[in-house]
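Listed below, chain by chain, are the residues.
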Amino acid sequence: MQTFDLAAEGLRKLNATLHAQTASTNQTSWEIVNPKGSHAIAVGLDAPMEVNVKGSTGYYCAGMNKQATVHVHGSAGPGVAENMMSGTVIIDGDASQYAGATGHGGTLIIKGNASSRCGISMKGIDIIVHGNIGHMSAFMAQSGNLVVCGDAGDALGDSLYEARLFVRGNVKSLGADCIEKEMRPEHIELLTELLARGGCDAKPEEFKRYGSARQLYNFKPDNAY
Amino acid sequence: MCGIVGLFIKDKALEPQLGKMLTDMLITMTDRGPDSAGIAIYGDKSAGKAKLTVQSDDSAVAFADLAETLSDRLGAKVSLTRKDTHAVLDVPADQIAQARAALAEIAPGVRVMSSGEAIEIYKEVGLPKDVAARFDVSSMGGTHGIGHTRMATESAVTTMGAHPFNTGPDQCLVHNGSLSNHNSLRRKLRRDGVHIETENDTEVGAAYLTWRMKNGATLGEALESSLVDLDGFFTFVVGTEDGFGVVRDPIACKPAVMAETDQYVAFGSEYRALVNLPGIEDARVWEPEPATVYFWNH
Numbered sequence: 001m002q003t004f005d006l007a008a009e010g011l012r013k014l015n016a017t018l019h020a021q022t023a024s025t026n027q028t029s030w031e032i033v034n035p036k037g038s039h040a041i042a043v044g045l046d047a048p049m050e051v052n053v054k055g056s057t058g059y060y061c062a063g064m065n066k067q068a069t070v071h072v073h074g075s076a077g078p079g080v081a082e083n084m085m086s087g088t089v090i091i092d093g094d095a096s097q098y099a100g101a102t103g104h105g106g107t108l109i110i111k112g113n114a115s116s117r118c119g120i121s122m123k124g125i126d127i128i129v130h131g132n133i134g135h136m137s138a139f140m141a142q143s144g145n146l147v148v149c150g151d152a153g154d155a156l157g158d159s160l161y162e163a164r165l166f167v168r169g170n171v172k173s174l175g176a177d178c179i180e181k182e183m184r185p186e187h188i189e190l191l192t193e194l195l196a197r198g199g200c201d202a203k204p205e206e207f208k209r210y211g212s213a214r215q216l217y218n219f220k221p222d223n224a225y
Numbered sequence: 001m002c003g004i005v006g007l008f009i010k011d012k013a014l015e016p017q018l019g020k021m022l023t024d025m026l027i028t029m030t031d032r033g034p035d036s037a038g039i040a041i042y043g044d045k046s047a048g049k050a051k052l053t054v055q056s057d058d059s060a061v062a063f064a065d066l067a068e069t070l071s072d073r074l075g076a077k078v079s080l081t082r083k084d085t086h087a088v089l090d091v092p093a094d095q096i097a098q099a100r101a102a103l104a105e106i107a108p109g110v111r112v113m114s115s116g117e118a119i120e121i122y123k124e125v126g127l128p129k130d131v132a133a134r135f136d137v138s139s140m141g142g143t144h145g146i147g148h149t150r151m152a153t154e155s156a157v158t159t160m161g162a163h164p165f166n167t168g169p170d171q172c173l174v175h176n177g178s179l180s181n182h183n184s185l186r187r188k189l190r191r192d193g194v195h196i197e198t199e200n201d202t203e204v205g206a207a208y209l210t211w212r213m214k215n216g217a218t219l220g221e222a223l224e225s226s227l228v229d230l231d232g233f234f235t236f237v238v239g240t241e242d243g244f245g246v247v248r249d250p251i252a253c254k255p256a257v258m259a260e261t262d263q264y265v266a267f268g269s270e271y272r273a274l275v276n277l278p279g280i281e282d283a284r285v286w287e288p289e290p291a292t293v294y295f296w297n298h
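Line by line, the protein sequences are chains A and B. The first sequence lines up with residues 1 to 225 when you count with my numbering. The second sequence lines up with residues 1 to 298 when you count with my numbering.
These are computed hints drawn from the structure, not numbers from a lab. None of these values were measured; they are calculated from a predicted model. Just so you know, not all the hints are guaranteed correct.
Unchecked claim - Some chain B residues flagged as far from chain A (calculated, every beta-carbon gap over 10 Å): (1) 194; (2) 228; (3) 261.
Said to hold, decoys possible - Mimicking DSBU-like on lysine-lysine, the simulated pairs with C-alpha atoms at most 30 Å apart in a straight line are: (4) 214(B) - 188(B); (5) 172(A) - 254(B); (6) 129(B) - 123(A); (7) 13(A) - 66(A); (8) 13(A) - 129(B); (9) 172(A) - 208(A); (10) 123(A) - 208(A); (11) 49(B) - 10(B); (12) 54(A) - 10(B); (13) 36(A) - 254(B).
Where is the CB? At the ideal position from N, CA and C, for every residue including glycine.
So that you can see chain A by itself, here it is in the shape it has in the complex (with noise of 0.2 Å):
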C-alpha cells in the first residue's frame, strides 16, 4: 500500500501521482492522510486501484471517477462524485450538495445524509444513501437509480426524466411531475441488489419507487407562462 501525506506533498502532485496509474499498475492500494477538507482530491482518476482517505474533504472530492474505488472516511464536501463514469465512490460520512450531479456511471454510496441536491441531473450513475437527503434531490435526473434508506426532502425529482428513485421513509414534497409508482418484481430485484450494493440494512419491500409522469416531455400551452 502506497501512503501520501496531502499536508506534506500537495494537490498537485497527488493527483498527477494518481493519474499516472495506468491499467496494469501494481500500485493499487494508496491511503490519503491529512486531506484537512482540502478540495479536488482523487479527481479524474482512470485506473482499478482503491484509494482511500482518511479524513474529510471538501469540494469535488472523486469528480469524474473511472475504475477506481474512492472511499472518504469522514465526510465529503458539495459536488462529491461529480460527473462520475464508473468505479465506486464511498463516504463514511454526510455528503455536502449535489453528491453524485451529472453522473454518468458507477456507484455513490452515502452511508450519512446527503444534503441538498442529490444526484442532479443524474445520467447513469448508483446512488445509495444510507441517511436522508435534502431538497431538489434527483432534480432533472435522467437516468440511474438512486436509493435511499431514510427521508427525502422537498422538490423530489422535479423535472425528472428516466432516473429510477426509491425511497424508504416519508417523501416531504414531490416535485413537478414526479409521482409515485407501482413496485413490479423487478423492481423489487433491482433494489435488492442496489441494497446489497451498497451494504444497506433494509429490505427492498419496504421502500416506494417514484418516476416520471412524462408529462412534460413535450410542449404543452397549458405549461407556459
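With chain A fixed as given, assemble chain B onto it according to the hints.
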C-alpha cells in the same frame, strides 16, 4: 463567493484564545474572499461602560485628541485605544447616543464601525492575513466572534463595504451571497428614515434587520421575516451580545458547516476552516438546514 467563520466558546478556558483560533479560521478562508476582511469580537464588558469602535483613513490625525474633545463635550471621561486605522472609545453606557451625535459633529471623517457593551468590529481592505495582523486579532480574547472574507460582487471594495455590519447595539451581520432586491428595499428603508451609507447589498440586509427590530421584532423574528422579504442568495451569520445565529435562504446553495463540542460551537463556509480546532475529530459536524433559524446563547 465569500467566506464566513464563527466561534462561540462554551469552555471559559478557551476564551483567551478566541482571537487566535478565529484568525486561523479566517486566513483559511482567504481564497473565498481575498479583497477585504473583517471581524466582530465580543470581549470584556465593564459595568456602566459602552464601546464605540471607530475608523479613520487618517487615524493618526483623527484620533490624536479625539478622547479629550469627546470627554469635554460629554462632560465625562472617554478613553481611546487605537489599533491601526481603528480605535475603541470607552464611553459611559448611558451617553452612547450623545457620543455618536457629538462624534458626527467634531470628527465627521471618523466612521462608527460598531457600538455596544461587548462588541468591537475591525474591518479593512486587504488579504485576511494582513487585516488580522494590522489589528492584532490573534491577541484578543472573548466569548464569541465572527469573521468574514469578502469577494465583492454587488458593490465596490471599500472599508465600508467590508463585513461585519453593525445592525444594532452589540449586533452584527455577515453575509455570503448576493441580494437581488437590495435597490428597491434600500429606497423603501430610506423613505422610512433608515440611514444606509453605501450601495452594498449586505448593508441593506443589516439595515433591514435593524429596522424590523426598531419596529418591535426580536432578532429571531427579524431573521424569520428576512426569509420572506429578502430576495437572493444568502447564508447569514449574526452576532448578538451573548451568542450568534445562523440562517440560510431556502435554496441554500451558499455553503455552511457547523461543528459542536463540549468546548465550542463553530461555523465555517467550508470544513477546511474548522480542521485545526481542538477536538474537531470527535465534534458533531453538520450542515444547517435551509430556511431555518439557529441560535446559540450564553
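How the hints compare with the structure:
Non-interface call for residue 194(B) relative to chain A: holds, since the shortest CB-CB distance, roughly 33 Å, exceeds 10 Å. Non-interface status of residue 228(B) relative to chain A is upheld: no Cβ of that chain comes within 10 Å, the nearest being about 17 Å off. Here residue 261(B) stays apart from chain A, with its beta-carbon at least about 15 Å from theirs, past the 10 Å limit. Among the hinted pairs, residue 214(B) with residue 188(B) is consistent with the structure: their alpha-carbon atoms are about 15 Å apart, no more than 30 Å.
Between residue 172(A) and residue 254(B) the alpha-carbon distance is near 22 Å, which keeps this suggested pair within the 30 Å criterion. Only pairs whose Cα atoms come within 30 Å are accepted, and residue 129(B) paired with residue 123(A) is rejected, the gap being roughly 43 Å. Between residue 13(A) and residue 66(A) the CA atoms are separated by roughly 19 Å; this keeps the pair inside 30 Å, and the hint holds. Restraint check for residue 13(A) and residue 129(B): satisfied, since their Cα atoms lie roughly 26 Å apart, inside the 30 Å limit.
Between residue 172(A) and residue 208(A), the direct Cα distance comes to roughly 14 Å. Compliance with the 30 Å bound is thereby established for this hinted pair. A threshold of 30 Å between alpha carbons decides the hint, and for residue 123(A) with residue 208(A) the separation of about 21 Å falls inside it, so the pair holds. Proposed proximity of residue 49(B) and residue 10(B) is supported: the alpha carbons are some 25 Å apart, at most 30 Å. For the proposed pair residue 54(A) and residue 10(B), the alpha carbon gap of about 29 Å is at most 30 Å, so the pair holds.
Among the hinted pairs, residue 36(A) with residue 254(B) is consistent with the structure: their alpha-carbon atoms are about 20 Å apart, no more than 30 Å.
Going down the numbered hints, you'll see the structure goes against just number 6.
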